[in-house]
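Chains A and B supply the protein sequences, listed in that same order.
Under this note's numbering, the first residue of the first sequence carries the number 12, and numbering increases by one thereafter.
Under this note's numbering, the first residue of the second sequence carries the number 414, and numbering increases by one thereafter.
Honestly, the hints are just simulated from the structure, not real lab data.
There could be a bad hint or two in this list.
[As the list claims (entries may be wrong)] Have a look at the derived ranges for each label pair, beta carbon to beta carbon: (1) B/Glu-462 <-> A/Leu-255: 36 to 44 Å; (2) A/Glu-57 <-> B/Arg-560: 46 to 54 Å; (3) B/Arg-658 <-> A/Ile-32: 34 to 42 Å; (4) B/Glu-631 <-> A/Thr-243: 39 to 47 Å; (5) A/Leu-36 <-> B/Asp-559: 47 to 55 Å; (6) B/Leu-585 <-> A/Leu-24: 26 to 34 Å; (7) A/Pro-158 <-> B/Asp-559: 40 to 48 Å.
[Said to hold, decoys possible] Where chain B lies over chain A, by a calculated footprint (3+ residues, C-beta under 8 Å): (8) 21-32; (9) 36-48; (10) 92-102; (11) 107-117; (12) 121-133; (13) 201-214; (14) 229-243.
[As the list claims (entries may be wrong)] Taking beta-carbon pairs under 7 Å as the criterion, some of the chain A residues facing chain B (in silico): (15) Ile-218; (16) Asn-220; (17) Leu-224.
No residue lacks a Cβ here, since even glycine has one placed at the ideal position from N, Cα and C.
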Amino acid sequence: MFSFFRKSGGTVLVLLALLLIWQLLHIKVGSGALSSPLATIIKLFEMLSSGELTPHLIETGTALLYALLIAIFGGVALGLLLGVHRLSGNVAEPILLNLYAIPKVTLYPLVLLIFGLGLSAKVAFGVMHGLIPILVFTMNALRQMKPVYMRAARTLHTPLHQMVMHVLLPAILPEVIAGLRLGFSLTLLGVLIGEMFASQRGLGYLITNAMGLGDISTIMAVALLLTVFAVTCNALFMLFDHRLQHK
Amino acid sequence: MKKESWKEGWIRIVVVAGLILLIELLCRFDIIPASVMIPPSQMLVHLKEVLASGKFDQDIRASLINIVSASFGAVILGFLVGLIVHSMPPLRKAIEPLLASYYAVPTFIFYPVFIVLLGVGALPIIAIGVLLAIVTMITATLSGLDRIPRVMRKSAQVFRMRRWKTALYIELPAALPYLFSGVKLAVAYAFIGVIASEFILSGTGIGYAISYAYNNFEMQDMYALMLFVLLLVSAINMVLNVFDRRFQARRQR
Numbered sequence: 012m013f014s015f016f017r018k019s020g021g022t023v024l025v026l027l028a029l030l031l032i033w034q035l036l037h038i039k040v041g042s043g044a045l046s047s048p049l050a051t052i053i054k055l056f057e058m059l060s061s062g063e064l065t066p067h068l069i070e071t072g073t074a075l076l077y078a079l080l081i082a083i084f085g086g087v088a089l090g091l092l093l094g095v096h097r098l099s100g101n102v103a104e105p106i107l108l109n110l111y112a113i114p115k116v117t118l119y120p121l122v123l124l125i126f127g128l129g130l131s132a133k134v135a136f137g138v139m140h141g142l143i144p145i146l147v148f149t150m151n152a153l154r155q156m157k158p159v160y161m162r163a164a165r166t167l168h169t170p171l172h173q174m175v176m177h178v179l180l181p182a183i184l185p186e187v188i189a190g191l192r193l194g195f196s197l198t199l200l201g202v203l204i205g206e207m208f209a210s211q212r213g214l215g216y217l218i219t220n221a222m223g224l225g226d227i228s229t230i231m232a233v234a235l236l237l238t239v240f241a242v243t244c245n246a247l248f249m250l251f252d253h254r255l256q257h258k
Numbered sequence: 414m415k416k417e418s419w420k421e422g423w424i425r426i427v428v429v430a431g432l433i434l435l436i437e438l439l440c441r442f443d444i445i446p447a448s449v450m451i452p453p454s455q456m457l458v459h460l461k462e463v464l465a466s467g468k469f470d471q472d473i474r475a476s477l478i479n480i481v482s483a484s485f486g487a488v489i490l491g492f493l494v495g496l497i498v499h500s501m502p503p504l505r506k507a508i509e510p511l512l513a514s515y516y517a518v519p520t521f522i523f524y525p526v527f528i529v530l531l532g533v534g535a536l537p538i539i540a541i542g543v544l545l546a547i548v549t550m551i552t553a554t555l556s557g558l559d560r561i562p563r564v565m566r567k568s569a570q571v572f573r574m575r576r577w578k579t580a581l582y583i584e585l586p587a588a589l590p591y592l593f594s595g596v597k598l599a600v601a602y603a604f605i606g607v608i609a610s611e612f613i614l615s616g617t618g619i620g621y622a623i624s625y626a627y628n629n630f631e632m633q634d635m636y637a638l639m640l641f642v643l644l645l646v647s648a649i650n651m652v653l654n655v656f657d658r659r660f661q662a663r664r665q666r
């Protein structure tokens, strides 16, 4: 416990400083403009305990789950294909990076026209955001893998499935995890954007709705919930990555 | 090697052209109905008309000014913050886990708060752009400063160079390739932040114009503007990539 504080005490201090800045801003502009940290936490717990949030949470959670499944499996599979075939990887990489840099919000009318309002549009939006980083990280992991690993496996006449399970996957896993970490955040972002424009349910809708009503305390409560959720998931990915590196 | 990359370039052009042609044909033969998507050639023709008529000039100008301001703001501020954080290792150790999870937070949900703080207009949009772009610049600055070979600083000491001369003639050029990668990403993020904010709550800008056209079923305008954004981002990306490749080549020397 003590070593934990010595190791991340600085981070805790920075977080406390951020809270202090939030509180000071609140004092400066008033609670009509920015609710205080304490009020936001209370509001969040109220929303959670009254069950007001539950249907929205389920809605966003479902969309996020589907989008993540498609983005992860699609991204890793395509990344493996492009990583193995060097020429197609080289051809595809600049195209993919360019797609990644496009503000994908621009394409939301197109997504809506294809998928209609509802769950599928949100999922599609999440996949659009999250798939490419996972793909690119997987592809580069495979390309930069030391050739000696494969050569050693071949010398030992390792059967294909063992080669994949015991050589290939462990070698690229850290990179893939890094890709998943980024892909997860972006998928969440995509789903939320999708909900903000194309939905009557979900946390994104709740935010847009509150924006229309000027209901700052709801916005801050949902934003806090999302921030805590996203940062926690990110920390779990990093922990997992850390475990892998020190195995 | 050189020949190989030429070949790849040609294949890439063929692939992209093929995809565009495929969409064109699908639209022309009504497999993709005109209510979903108009053929790319029509988008281009309409884009030309719209640009010539100056209908969206104001929106385009507003967005570009916001994007340029956000990019400059993020690059300069990010570089300065990176310098300061790099010079204080305890602070850096405290901040680094936060920087790593920064992009997990959907920043633009704080847009309404910025409107309250900075008023309606361009400022909150620029602020979102800066907020989204600044962290890549900080990270790039940190890794650039980390990777200056120690021998370079030592030779500067041997030559008894002054501190500012070392910074200007040795450290900055050595860190430049990494800094430029940061700039490239920062511009992309500024683009995303500005256009997304315009979509959500704004009265001007390309993002606003696209959502307005969508809400009023003006498909021609909508697709022309979408194409405009795609072409603009791709063009900027290509230009930045040319510079980036030069810097990277210098790094490997």
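Verification of the hints:
One distance hint, 36 to 44 Å for the beta-carbon pair B/Glu-462 and A/Leu-255, is violated here, with the actual separation near 55 Å. Checked against the hint of 46 to 54 Å, the pair A/Glu-57 and B/Arg-560 passes, with Cβ atoms roughly 49 Å apart. Distance hint check: the CB atoms of B/Arg-658 and A/Ile-32 are about 40 Å apart, consistent with the given range 34 to 42 Å. Distance hint check for B/Glu-631 and A/Thr-243: the Cβ-Cβ separation is about 43 Å, which falls inside the suggested range of 39 to 47 Å.
In this structure the supplied range 47 to 55 Å is violated for A/Leu-36 paired with B/Asp-559, their Cβ-Cβ distance being about 33 Å. Distance hint check for B/Leu-585 and A/Leu-24: the Cβ-Cβ separation is about 31 Å, which falls inside the suggested range of 26 to 34 Å. One distance hint, 40 to 48 Å for the beta-carbon pair A/Pro-158 and B/Asp-559, is violated here, with the actual separation near 28 Å. Only when three residues or more bring their CB closer than 8 Å to a CB of chain B does the claim for the stretch 21-32 of chain A stand; here the count is 5, and the claim holds.
Check result for the stretch 36-48 of chain A against chain B: holds, 4 residues qualifying (beta carbon to beta carbon below 8 Å, three or more required). For the stretch 92-102 of chain A, the stated coverage by chain B holds: 3 residues have a C-beta nearer than 8 Å to a C-beta of that chain, and at least 3 were required. Evaluation of the coverage hint for the stretch 107-117 of chain A: fulfilled, as 9 residues show C-beta separations to chain B shorter than 8 Å, against a requirement of three. Judged by the Cβ-Cβ criterion of 8 Å, the stretch 121-133 of chain A is covered by chain B as claimed, because 4 of its residues qualify and three suffice.
For the stretch 201-214 of chain A, the stated coverage by chain B holds: 4 residues have a C-beta nearer than 8 Å to a C-beta of that chain, and at least 3 were required. Taking a C-beta to C-beta cut-off of 8 Å, the stretch 229-243 of chain A contributes 8 residues in contact with chain B, enough for the three needed, and the coverage statement holds. Interface restraint check: A/Ile-218 against chain B, minimum CB-CB distance 6 Å, threshold 7 Å, status holds. Interface restraint check for A/Asn-220: the shortest CB-CB distance to chain B comes to about 12 Å, outside 7 Å, so the restraint is violated.
For A/Leu-224, the interface hint is violated, the least distance from its beta-carbon to any beta-carbon of chain B being 10 Å, above 7 Å.
Figure legend: structure checked against the earlier numbered hints; hints not met, in rising order: 1, 5, 7, 16, 17.
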